[in-house]
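Combine the two chains into a complex, taking the hints into account.
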Amino acid sequence: MKFKKTPESLVKDPGLDETIKNLTPERIVQVVNRVLTKENSARLQAYLDTCVHCGLCADACHTYVSRDKDPLFAPVSKVRQTLWELVRRKGNVDGEFIRNAARIAFTECGVCRRCSMYCPFGIDMAYLLLIVRRICSLLGVVPVYLQDTTNSHSVTSNQMWVQQDEWIDTLQWQEEEAQAELSTVRIPLEKEGADVMYSVIAPEPKILAQLLGNMAIIFKAAGEDWTMPATDGWDNSNMAMYSGDFEIMGRVERLHWETAARLKVKKIIMGECGHAFRGAVYDGPRWLSWQYPPIPMIHAIEYYYDLISSGRIKIKQKYQEHVTIQDPCNTVRGRGLGDKLRYIVDALCEKFTDVDPKQEHNYCCAAGGGVINCGPPWKRSRMLSNRVKAEQLGKTGADVIITPCHNCHSGIEDIIGFYNLGMHVKFINEILVECMEKPEESEG
Amino acid sequence: MAQSAEVDFSPGKAQLVDLAALKSRFARIDEWVASPDGNSIAAPVKTEEGRFTICVNDQTWPDSFDLLWMLRYTPAGKLMALVQSDFEWTVAVDGKPWENTFEYVWQPRWSRDGEIIAALCKKDNEYGVVIEDKPWENRFKAVRDFALSEDGKRAAVTVQTDSLGEADVPGFFEGVWSLAVDGQLWDKKYINTWSPIFNADGSKVAAQIRTDICEYSISVDGADWTERYGCVWEPIFKGTNGTVIAPIRHGKNWTLAEDGRPIWSGEYNQLWRHSFSPDGSKLAAIVSPEFGRWTIAVDDKPWKRRFKDMVLEPTFSPDSKRVAAPVKSDGRWNIAVDGEVSGQGWDQIWDPVFTPDGAHVLAKAKQDKGFLVVCDGKPVRTNLSLCWDPIVSPDGQHVMLRYVEDEKYVREVVPIEELAR
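Those sequence lines, one after another, are chains A and B.
Here this note's numbering is used: the first residue of the first sequence is 1, the next is one more, and so on.
Here this note's numbering is used: the first residue of the second sequence is 1001, the next is one more, and so on.
Isolated chain B (complex conformation) (with noise of 0.2 Å):
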């Protein structure tokens, strides 16, 4: 999300950049990602054969490269994309490559603010982590899943940490896959680890382990929760005392834990991706109270309404008062709020975005090949070719939208009454 103090909520509608006349000036644009304050749009364009740059509104940056792919802004507004130089790659930030070059670099992250930029590199054929152009000096046979702190000043990463050879079964069930944070290994090993997620202080590591055939657990700083289960998904970290709370299998059912303990009663047939409000007094999550049926359940209760087709992680109003998601039943995505559901249904829908007080719910959405934005189920922009989130002003007095209308990238500020109306 942008840094939305910073950006200018004046209501006004401005045309900022003519795509169309881009067209002829490329053999090639692909994506384009609008700017967290709105300002501008860039795409990776083709120069001539074989190069390979990006372009800001009509300014291309001074450098090109062979070849150029994840193009993303960060929350900051950084503009970063992974770019091949005969035939090592880096990241580039703002048109800048990093000094350091890999033989490969990918899955960027950043920290919440935006500041920091991380990524997985692979070097004389070991993997690491590199944030902010400082490779990890530890590297390791392989890396999987990756994550990284609020600030952005600390990373963590499964890895293998032994050679196994082909079908070397008996190493495997052994255990050769552990996590390393910051480079640095855990004392432990496990058949499997995997999602390591921080503490908000960046403090603490937890991450699913499994430690036999079917014996899962979560492991907090390589301490393992004594308890073992028939499975377990992601865990996260409850804010206020860093306690750890994961989904687990019982039997046939789940339910959550805390540090190894159940702390919801309802047994359900799936329960994952929970959260907490940003107050955190509330915890929601995605549940199947009955096969084939899906809802969100906050603290326990799940919804009456149920739907058949898939329910997206919960989000919390900034107020903590409300829970949205994205919900689908008979091939018809919509957002629900605390289990209502007003909209028409869409082909396609993005996370909710509420205002500060939770009064109103934005989207994104598509409908055949068209985009368009959704206030509290009621398109307000339709038939747009490009669209990105709306982004709410922090006095929740304003919206600015983001999308490309008639070949022309549009950006408007307008009152929320107005949408909402």
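Isolated chain A, as found in the complex (with noise of 0.2 Å):
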């Protein structure tokens, strides 16, 4: 089988380009059989010979209906080219082969799971396609900076190279900032004990540390007696479960979880994100020989909904921009919280409306699964491949889309740019510290 020519398949990328040169047929082979034989065996193999390539799954994928349904980027396409043909020929293929295999593994799918959904079979696409990945992780075959991304959490635990002073001086920072819209509030430190210990994404002390001084904020008016760690271990996300280092991933995971038995905490309450709930409560523990999370493990988008519902935090004035939703795949569709997400934006914003389709059926944003991190090289292909994000988007009217995610975040971001829709994004926490009672205020 030969791959077709796409304007894709032309994008430049050191981290595919450069490494397959250094591929022999023979460590392919063995790399292949390794994971098609050893990690991978029943699950694979009942997937393999249930598919009956109806092609139910096309419609449901994002990449394919925004490209003009295109047969190449059907869910089943993407098999068809990569895992079938390794497994037809016991991984006798060439470097080329593998390069391709990788640009439709880590570009093209964001093993966002809507196409199981439609499969009449539910067979688990983005599984075969994470087969892929990690074929290709071991050849070394590994889009530059999702593989940056994946080293630097092999080094620091974190995404982003955050250094452990950086991270501790980030926290001190913006519990100053915090300080000055209300007083009383701390960001505590290594506190033993405490009931929650909040981890985040590398992103928020990096170029987003106003979300810790919102974060303060609120937990400060819910009364929660909270914590953050003062060593590596704080960061939740990982990229490493996305670019096939499943090593590195449960390294993270482990050091994630341990560092929350160290501080003896209750929960952890994680910030926005999809893919860090992913990791840390599915992928990560089960790699690691955990059949669910050791510690429970809440996200935001359950939080704020306890605090809300529960009367914990009261709302002082609605939210008066006229808003929409992004449901992250992760939380929506993987775990269910798509009517909590709603609860939360009717409690804080005045005009709200949804997008079609929503809930378990939302498009994803084209940026989870580790896309958006495989850099600048593939920006105009992840455009491209959801442009139906863009018009879904643009048909509620809306001026800001909620987006409980950073990789939903930046890649509306981006889409919004693309396709000049004239939006712009905010997290949930972004607006409930705008609207939300603080307790100086209710105290004057």
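There could be a bad hint or two in this list.
Unchecked claim - So, partial list: chain B residues that the calculated Cβ filter (under 8 Å) puts toward chain A: (1) Gln1107; (2) Ile1213; (3) Gln1348.
What the hints assert, rightly or not - Pairwise CB distance ranges (calculated): (4) A:Ile207 x B:Lys1013: 50 to 58 Å; (5) A:Gly311 x B:Gly1280: 55 to 63 Å; (6) B:Asn1057 x A:Lys206: 57 to 65 Å.
Unchecked claim - In silico DSSO-like pairs for lysine-lysine, Cα to Cα no more than 30 Å straight-line: (7) B:Lys1369 x B:Lys1304; (8) A:Lys438 x A:Lys379; (9) A:Lys206 x B:Lys1189; (10) B:Lys1308 x B:Lys1378; (11) B:Lys1408 x A:Lys267; (12) A:Lys379 x A:Lys69; (13) B:Lys1023 x B:Lys1123; (14) A:Lys266 x B:Lys1189; (15) B:Lys1308 x B:Lys1369; (16) A:Lys191 x A:Lys206; (17) A:Lys267 x B:Lys1369; (18) B:Lys1369 x A:Lys438; (19) A:Lys266 x B:Lys1369; (20) B:Lys1023 x A:Lys266; (21) B:Lys1301 x A:Lys38; (22) A:Lys191 x B:Lys1252; (23) A:Lys206 x B:Lys1141; (24) A:Lys191 x B:Lys1189; (25) A:Lys438 x A:Lys318; (26) B:Lys1252 x A:Lys38.
Keep in mind that the hints were calculated from the coordinates and are not lab data.
Note that beta-carbon positions come from the ideal geometry of N, C-alpha and C, so glycine has one too.
Here is the structure:
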């Protein structure tokens, strides 16, 4: 089988172009057979035997729909061009094949699992594409920016090379910033025995530090007994899960859970991120032999819902902008938090127009699954792969898109710019802190 | 643990500090810490806008600082904190800041006896280690995992040896991480190095290394094990002969290897946090014999009882005969001793504390908002606002309890028979 030349196949990425030069046929066969026979067996075989090639998954895929239903971008086609060939040829493929398989698996599928809902047999297509990613990772053929993120995880346990002193310094700085708004706010570091450890992903201290200060204000208003670690293990994100480096994925997740255990907290509350939830709650624990997270992990959507619905946080005035929602795949399709998300938005916002399709049927942002982490070389392809998202959002007529996920947030921001939607993105955290009643105000 | 030989274990209960009275003195009081002899309680306090100091019992340190955090008592009873003045950070011990200052200082460590204090530090945008106010002469582009020898005289830290440009993946895989011991780099570089550890006399250092995308091993003083594995976890030294033991992953399963050779025949879904008994005769580790089930294995024999949620590091009794570990099933934490659990379970539990003869096990726990002390699975003090680990007297006859009750800091010494009754 020959790969059809597409504009995407001409994108330059040294993580693919240069690394395939080091591959030998023997190495490819060895890695493919290791992954297919030693790391995967019954589940993979069941999926391969079950798929009847009906193509019902095609219309579920934002990439396929956005690219005028080009059959090359249908989920079944992505598997056919990659995994099926690797199985059929028992790994006897060349470097160019691996390059194209990596392009498809890393940049044209966000492993969002929407297609699985439309498969008559429920085949987890994302799992199949993740097997391709695993093969590529072991061969060293990974988009360079995604691999760099994984390298950062391997060294620092966070995804943006944040140094230990930078992390602590940022928390102390954000505590001071938040005190300008609410003088008694703290960010308690290393408080052993607190009820809650709050964990975030590295973009927060690196480029969106105000979200940390906002959360300190929310915790203060809620009367939460909380802490953050002053050691590695604070980052709950995991791009190694998406690059196929499961050993680094496991190392990152282990440290995250052991940090919570060291601090003796009852639960972890995590910030607004979807893939981090998946890594910390599903993929990471299972690789480490936990059936489920060893300490309860509460996503920010669940936490905000509890705060508002229980009255622990009261809304002072509603947000006046016209808003809509981006349902993050890993927390809405993966965890069923769509109703809670809408409860929060209804409670916070004066004018809300829902997306269509919505909830678990919502289209992926096309940034998750590690796709946005593939970096600038693939941005145009990512934009072309999600025209349907731009159309969906544009139809709402909203001014602001609430995106309770970092990947969604960045991906939707790109789509707004590329398709000139004239909209803005916000985290719930930003709107909540603006609209809620703060303790000193209520005392005053 | 406190130098309990020097501690007064005369039975009795004393309310030492009225914490309620301190609330009106300070605009802000952070987390309290109790001294290992039980006689003092201390917390960072805000004295005025932008000024912080330490309050010990009801006395403040003479100096105040722009910022202050990480207040800790060492086992020797030294009270240390990380402090900032004029945008420079340092370590303050018993009220006196070190002379050397840094852009940042963090991760304090101390010797086994708590007499020597060290920390990571950053100066002129380079990173290093400072021990007792003496910074390493050599500094590095980045540092990460940090270990101090038991006597506190030597330090090892994982360091980045060369600069990398943005997304320099080939450069990264050439290996730019190594270990610096007392400021001197190992000869070798690796893709990754993690978790350095000294042997008991501080003469050797071992660490995890990564030599290829999916090739891991152990290095001792820069001499790598010849074997490569799918993954490894933290190594430890075997006390008697200086060999190194680490969890290794072969295929999908984990076991323990000594100097590269498997020493346990059991193959586990997971295995980590192994440790030797005080006499060196037994080796225990956290293991997962079946997916989603956890327990402790002693000398490769897993306890029969399994726990669904989590098992933490095993602790041997001082006589090496018994093993205890915090365990969690169905959301309840408990202490398992030799595989048996007797308590009702709590929201949170701390590490077990054995009496010297191993007959009794105590632990601090938390239920809802209240702390408690548990002895042999039975709550012996409850509804405490704060509480610290119990400390057993060297003769095993008495236990010192340190807690806050009704806003009073209490030091109480109780005969063990009374608690274990």
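Does lysine 1023 of chain B pair with lysine 1123 of chain B here, judged by a C-alpha cut-off of 30 Å? Violated, because 37 Å separates the two Cα atoms, which is more than 30 Å.
Would the pair lysine 438 of chain A and lysine 379 of chain A pass a check requiring their Cα atoms to be no farther apart than 30 Å? violated, 40 Å
Is the Cα-Cα distance between lysine 1308 of chain B and lysine 1369 of chain B 30 Å or less? holds, 25 Å
Sort out whether lysine 1189 of chain B lies within 30 Å of lysine 206 of chain A, counting only the CA atoms. Answer holds: lysine 206 of chain A to lysine 1189 of chain B is near 28 Å, not above 30 Å.
Hint check: lysine 206 of chain A vs lysine 1141 of chain B, CA-CA at most 30 Å. Holds or violated? OK: lysine 206 of chain A and lysine 1141 of chain B at ~19 Å, within 30 Å.
When you check the alpha-carbon spacing of lysine 267 of chain A and lysine 1369 of chain B, does it fall within 30 Å? holds, 14 Å
Straight-line Cα separation of lysine 266 of chain A and lysine 1189 of chain B no greater than 30 Å? violated, 40 Å
Was the hint right that isoleucine 1213 of chain B lines chain A, CB cutoff 8 Å? holds, 6 Å
Straight-line Cα separation of lysine 379 of chain A and lysine 69 of chain A no greater than 30 Å? holds, 20 Å
Within 30 Å, alpha carbon to alpha carbon, are lysine 1369 of chain B and lysine 438 of chain A? Holds - the C-alpha atoms of lysine 438 of chain A and lysine 1369 of chain B are around 23 Å apart, at most 30 Å.
Taking the beta carbons of asparagine 1057 of chain B and lysine 206 of chain A, is their distance inside 57 to 65 Å? Hint violated: Cβ distance 41 Å, outside 57 to 65 Å.
Sort out whether lysine 266 of chain A lies within 30 Å of lysine 1023 of chain B, counting only the CA atoms. Roughly 27 Å between the alpha carbons, so the hint for lysine 1023 of chain B and lysine 266 of chain A holds.
Violation of the numbered hints given earlier is confined to hints 6, 7, 8, 13, 14, 22, 24; the remaining hints are satisfied by the structure.
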